[in-house]
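For the protein sequence lines, the chains are A and B, in the order given.
Letter by letter, the first sequence follows residues 1 to 115 in our numbering.
Letter by letter, the second sequence follows residues 116 to 228 in our numbering.
Simulated from the structure, these hints should not be mistaken for lab results.
Here the structure is a predicted model, which means the values were calculated and not measured.
Where is the CB? At the ideal position from N, CA and C, for every residue including glycine.
Watch out, some of these pointers could steer you wrong.
Calculated cross-link-like contacts (lysine to aspartate or glutamate; reagent style EDC-like; alpha-carbon spacing at most 20 Å) [stated by the list, open to error]: (1) K186/B - D169/B; (2) K41/A - D169/B; (3) K41/A - E22/A; (4) K41/A - E203/B; (5) K186/B - E203/B; (6) K41/A - E87/A.
Derived Cβ-Cβ restraints for the label pairs, each shown as a range [claimed, not checked]: (7) E52/A - I127/B: 41 to 49 Å; (8) T17/A - Y154/B: 30 to 38 Å; (9) H7/A - N123/B: 43 to 51 Å; (10) S133/B - N70/A: 28 to 36 Å; (11) S18/A - P155/B: 25 to 33 Å; (12) P228/B - H85/A: 37 to 45 Å; (13) I12/A - G156/B: 17 to 25 Å; (14) L68/A - Q197/B: 27 to 35 Å; (15) S120/B - W10/A: 30 to 38 Å.
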Amino acid sequence: GAVVSQHPSWVICKSGTSVKIECRSLDFQATTMFWYRQFPKQSLMLMATSNEGSKATYEQGVEKDKFLINHASLTLSTLTVTSAHPEDSSFYICSASGGLTDTQYFGPGTRLTVL
Amino acid sequence: AQSVSQHNHHVILSEAASLELGCNYSYGGTVNLFWYVQYPGQHLQLLLKYFSGDPLVKGIKGFEAEFIKSKFSFNLRKPSVQWSDTAEYFCAVNPGGSYIPTFGRGTSLIVHP
Numbered sequence: 001g002a003v004v005s006q007h008p009s010w011v012i013c014k015s016g017t018s019v020k021i022e023c024r025s026l027d028f029q030a031t032t033m034f035w036y037r038q039f040p041k042q043s044l045m046l047m048a049t050s051n052e053g054s055k056a057t058y059e060q061g062v063e064k065d066k067f068l069i070n071h072a073s074l075t076l077s078t079l080t081v082t083s084a085h086p087e088d089s090s091f092y093i094c095s096a097s098g099g100l101t102d103t104q105y106f107g108p109g110t111r112l113t114v115l
Numbered sequence: 116a117q118s119v120s121q122h123n124h125h126v127i128l129s130e131a132a133s134l135e136l137g138c139n140y141s142y143g144g145t146v147n148l149f150w151y152v153q154y155p156g157q158h159l160q161l162l163l164k165y166f167s168g169d170p171l172v173k174g175i176k177g178f179e180a181e182f183i184k185s186k187f188s189f190n191l192r193k194p195s196v197q198w199s200d201t202a203e204y205f206c207a208v209n210p211g212g213s214y215i216p217t218f219g220r221g222t223s224l225i226v227h228p
């Protein structure tokens, strides 16, 4: 099946620094990539949807200047958490899809802890 | 706004018991439906999906789900659970023609050996 990787798997950073998370589709071309946040014992919250070569579409309430998303190629999307604060600590998950209404394939997630 | 409800937040079963997890959605049009599973320490994996055709869908590991349009439901079933089925289960719905999913809150299943 399709494989999606994320790097790093966990990261600890100081408040005020920026953190970049990579999401790669390893064996297929991902037309669309999604970024989610998952809080403990809760569901996935969709943050944004990105299509290769175009600007990401952010969900209501998600600050696009804080969570910068780049989808420069069909196999790579990045999420940069700028000026991270402790409340940004969470589990960030990406998924990739090959096209409209296609199945999403999820990455293993990145645990971000901001001190 | 569309919503997805998973009524059972925590389910505890003994091995060999039958399982049914409820999923209801609020969208009135055509939908694509998914069940995902997240095993402890692992990432989300697709269990099964329904786009069209036979409303009874067979998935991996003996799971199946039935789409009942009149009830806006897509319940997940397994006749006999195993200890290895202990996981978090998420229902997700895409309105037809959209790739934007809405996830349910998830159901935590614990199976005692």
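Right, here's what the structure says about each hint:
Our distance criterion of 20 Å between C-alpha atoms is met by K186/B and D169/B, whose separation comes to about 16 Å. Of the pairs offered as hints, the one joining K41/A and D169/B is violated, with about 33 Å between alpha carbons and a cut-off of 20 Å exceeded. Between K41/A and E22/A, the direct Cα distance comes to roughly 24 Å. Violation of the 20 Å bound is thereby established for this hinted pair. This hinted pair checks out: K41/A and E203/B have alpha carbons roughly 9 Å apart, not beyond 20 Å.
As the CA atoms of K186/B and E203/B are separated by approximately 24 Å, the hinted pair breaks the 20 Å bound. With a C-alpha separation of about 17 Å, the suggested pairing of K41/A with E87/A holds against the 20 Å cut-off. Separation of E52/A from I127/B is about 43 Å and conforms to the stated range, judged on CB atoms against 41 to 49 Å. At about 32 Å, the CB distance of T17/A to Y154/B agrees with the hint of 30 to 38 Å.
Checked against the hint of 43 to 51 Å, the pair H7/A and N123/B fails, with Cβ atoms roughly 35 Å apart. Restraint check, S133/B to N70/A: a C-beta distance of roughly 47 Å breaks the suggested window 28 to 36 Å. Separation of S18/A from P155/B is about 31 Å and conforms to the stated range, judged on CB atoms against 25 to 33 Å. The given range of 37 to 45 Å is respected by P228/B and H85/A, whose C-beta atoms sit roughly 43 Å from each other.
For the pair I12/A and G156/B, the supplied restraint of 17 to 25 Å holds, since their beta-carbon distance comes to about 19 Å. With their beta carbons about 43 Å apart, L68/A and Q197/B fall outside the hinted range of 27 to 35 Å. Evaluation of the 30 to 38 Å hint for S120/B and W10/A yields a pass: the beta carbon distance comes to about 32 Å.
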